[in-house]
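Number of protein chains: 2
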Amino acid sequence: MTPETEDKPTVTIACIQFEPIIGQVEANLAAIEERVRRAHARGARLIVLPELADSGYVFDSSEELAALAQPIPGGRSAEHLCALARELDIYIVSGLAEAAEGRFYNSAIFCGPEGHIGTYRKLHLWGRENLFFEKGDLGLPVFDTPLGRIGIAICYDGWFPETFRQLAMKGAEVICVPTNWVPMPDQDPKAEAMSNILHKAAAHSNGLFIACADRVGIERGQPFIGQSLIIDATGWPLAGPADREQEEILYATIRPSDVATKRKLNEFNDIFGDRRSDVYG
Amino acid sequence: MTPETEDKPTVTIACIQFEPIIGQVEANLAAIEERVRRAHARGARLIVLPELADSGYVFDSSEELAALAQPIPGGRSAEHLCALARELDIYIVSGLAEAAEGRFYNSAIFCGPEGHIGTYRKLHLWGRENLFFEKGDLGLPVFDTPLGRIGIAICYDGWFPETFRQLAMKGAEVICVPTNWVPMPDQDPKAEAMSNILHKAAAHSNGLFIACADRVGIERGQPFIGQSLIIDATGWPLAGPADREQEEILYATIRPSDVATKRKLNEFNDIFGDRRSDVYG
Numbered sequence: 000m001t002p003e004t005e006d007k008p009t010v011t012i013a014c015i016q017f018e019p020i021i022g023q024v025e026a027n028l029a030a031i032e033e034r035v036r037r038a039h040a041r042g043a044r045l046i047v048l049p050e051l052a053d054s055g056y057v058f059d060s061s062e063e064l065a066a067l068a069q070p071i072p073g074g075r076s077a078e079h080l081c082a083l084a085r086e087l088d089i090y091i092v093s094g095l096a097e098a099a100e101g102r103f104y105n106s107a108i109f110c111g112p113e114g115h116i117g118t119y120r121k122l123h124l125w126g127r128e129n130l131f132f133e134k135g136d137l138g139l140p141v142f143d144t145p146l147g148r149i150g151i152a153i154c155y156d157g158w159f160p161e162t163f164r165q166l167a168m169k170g171a172e173v174i175c176v177p178t179n180w181v182p183m184p185d186q187d188p189k190a191e192a193m194s195n196i197l198h199k200a201a202a203h204s205n206g207l208f209i210a211c212a213d214r215v216g217i218e219r220g221q222p223f224i225g226q227s228l229i230i231d232a233t234g235w236p237l238a239g240p241a242d243r244e245q246e247e248i249l250y251a252t253i254r255p256s257d258v259a260t261k262r263k264l265n266e267f268n269d270i271f272g273d274r275r276s277d278v279y280g
Numbered sequence: 000m001t002p003e004t005e006d007k008p009t010v011t012i013a014c015i016q017f018e019p020i021i022g023q024v025e026a027n028l029a030a031i032e033e034r035v036r037r038a039h040a041r042g043a044r045l046i047v048l049p050e051l052a053d054s055g056y057v058f059d060s061s062e063e064l065a066a067l068a069q070p071i072p073g074g075r076s077a078e079h080l081c082a083l084a085r086e087l088d089i090y091i092v093s094g095l096a097e098a099a100e101g102r103f104y105n106s107a108i109f110c111g112p113e114g115h116i117g118t119y120r121k122l123h124l125w126g127r128e129n130l131f132f133e134k135g136d137l138g139l140p141v142f143d144t145p146l147g148r149i150g151i152a153i154c155y156d157g158w159f160p161e162t163f164r165q166l167a168m169k170g171a172e173v174i175c176v177p178t179n180w181v182p183m184p185d186q187d188p189k190a191e192a193m194s195n196i197l198h199k200a201a202a203h204s205n206g207l208f209i210a211c212a213d214r215v216g217i218e219r220g221q222p223f224i225g226q227s228l229i230i231d232a233t234g235w236p237l238a239g240p241a242d243r244e245q246e247e248i249l250y251a252t253i254r255p256s257d258v259a260t261k262r263k264l265n266e267f268n269d270i271f272g273d274r275r276s277d278v279y280g
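As they're listed, the protein sequences go chains A and B.
For the first sequence, numbering that gives the first Met the number 0 assigns the number 0 to the initial residue and increments by one for each residue that follows.
For the second sequence, numbering that gives the first Met the number 0 assigns the number 0 to the initial residue and increments by one for each residue that follows.
Mixed in with the good hints, there may be bad ones.
[Stated by the list, open to error] With a Cα cut of at most 27 Å, we get these calculated DSS-like pairs of lysine-lysine:
#1 K189/B with K189/A
#2 K189/B with K134/A
#3 K169/B with K7/B
#4 K189/B with K7/B
#5 K169/A with K134/B
#6 K263/B with K189/A
#7 K7/A with K263/A
#8 K169/B with K134/A
#9 K7/A with K169/A
#10 K263/B with K169/B
#11 K189/B with K263/A
#12 K263/A with K169/A
#13 K169/A with K134/A
#14 K169/B with K134/B
#15 K263/A with K134/B
[Claimed, not checked] Among the chain B residues that face chain A by a calculated CB cut under 10 Å, a handful are:
#16 A99
#17 E100
#18 G101
#19 G126
#20 E128
#21 D143
#22 T144
#23 K199
#24 S204
#25 T233
#26 K261
#27 N268
#28 I270
Hints were generated in silico from the structure; no laboratory data involved.
Heads up, the beta-carbon is just placed ideally off N, CA and C, and yes, glycines get one too.
Isolated chain A (complex conformation) (with noise of 0.2 Å):
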């Protein structure tokens, strides 16, 4: 914190993890308002929870994903918690899963006070999702909101360190992470998950906020492993890593524009300055 940055806003996060049940959109959404109006009454402005979170995860078919997916905005999940966020003049972000123009996306809605702000198609499609879902059309979007410049990663975009550089060189300070992290090959289940790793590295790489919710729970036999985390810009956990099981909300109080100052690590080294793209190629 510096002078000139003292006197800029402060938010309060919270991610949400919790276990959605599959096909069950009613029960997860009176779940996931029953959670936010408590972070909410806890302080929490930016509300983050996880992947699918309306739908499940694991699909047995085209039709039963068919059957969960609506429209965003428009469609009933999305109509909620854009209600939520105006009632509580609060912002969302969370995992849905979309239905366009007949085409079913890995997707998550970013709501506030405003409404619909925007929404992130997930680009890394993992493991099966690929034989249900589309591959995300929209980019890396960074939304200019009144908390900070915000953009959307969801899990698997989280193993790719370009999605969290381009996030970052778009101007964004603080990523809202959906996610349903699965077990990783050859990882250690008593070691720290793979993915707090990369998220860690790349706040510290980037110099940005990390807000990752996760979820808990066995669906149809696969496991989720927990471990929100919320990052500091500087790669070291505000709040977390949550349990490996149980349900949990994690709270962290952030000042966006601090990404600023934490990027500019001494008199000659700036994270984007140093930068070598005559050499990237």
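Keeping the supplied structure of chain A fixed, place chain B upon it in accordance with the hints.
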């Protein structure tokens, strides 16, 4: 390991963590030689030494550096290491202070049984290095050897995800990292080093073996943090982290060609095939 790769060659890597003494090139070369012979006797065939292992790191003046830096190949340190590699039939990567046509580079030599194989010049200069060295002008070479395809990065190069991405996309299998890691701002000295987090993430995201040889000790008031590390292409440590203060030699035996299978994560995903170069711009 798959049936196709199990007959491909393995190599034992050693990372030599030691304490070079500022200005004492002859003593440093003697210390290097003693440790290289010891690692060779233990079966190592690819040996990685720290950044600026012949000169030390904290220069008082350009004149001091000018009196220490030498050509690569041809200079005292380069020829000493090349002769040692030839005699022992091994490969050595070592940080050296390089002089070239009146300019100075924070470089690494790569030499083997055949003599000088190549030179890498650090692309991203940290802190006061900017006062003494030119930025590297040899790009990010990948050296095709009987051991495998070898790339080199030095210390702060590892803060740039592009370094590892570019090397991997150019075919590298093993990255040797001569380094002089210093404490990072905001780093809890008891926590895992951010440098280790960054290199584990880079190894995992790119399917690269990474061998980091750091120095230890305090030189003219500047502490170095040790914690050398050899990392599997899955991102998990194979050896280390080494001690934070004591000299140590790490060993790991790898099969560089295994990167091909480690980059294929499942029937749907492979690290490079999944990149969205249409989006990254």
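Quick check on the hint: T233/B CB to chain A CB, less than 10 Å?
This interface hint holds because 4 Å falls under the 10 Å limit.
So if I understand the rule, the pair passes when the alpha-carbon distance is 27 Å or less; does K169/B with K7/B pass?
The hint holds at about 20 Å.
Going straight from one Cα to the other, do K189/B and K189/A come out at no more than 27 Å?
20 Å, holds
Does the interface hint hold: is I270/B within less than 10 Å of chain A, judged Cβ to Cβ?
7 Å, holds
Holds or violated: the hint that N268/B contacts chain A, with Cβ atoms closer than 10 Å.
6 Å, holds
Taking only the CA atoms, is the gap from K263/A to K134/B under or equal to 27 Å?
19 Å, holds
27 Å limit on alpha-carbon distance, applied to hinted pair K189/B and K263/A
24 Å, holds
Go through the hint on S204/B and say holds or violated, using the shortest Cβ distance to chain A against 10 Å.
6 Å, holds
Restraint status (C-alpha distance of K169/B to K134/A at most 27 Å):
Status holds; Cα separation ~26 Å.
Can you verify the interface hint for A99/B: is its Cβ closer than 10 Å to any Cβ in chain A?
Status violated, d = 18 Å.
For the pair supplied as a hint, K169/A and K134/B, confirm whether the alpha-carbon distance does not exceed 27 Å.
Between K169/A and K134/B the Cα gap is close to 26 Å, so the pair holds against 27 Å.
Does the alpha-carbon distance linking K169/B and K134/B stay inside the 27 Å limit?
21 Å, holds
Hint check: violations occur at hints 2, 4, 16, 17, 18, 21, 22; the rest are consistent with the structure.
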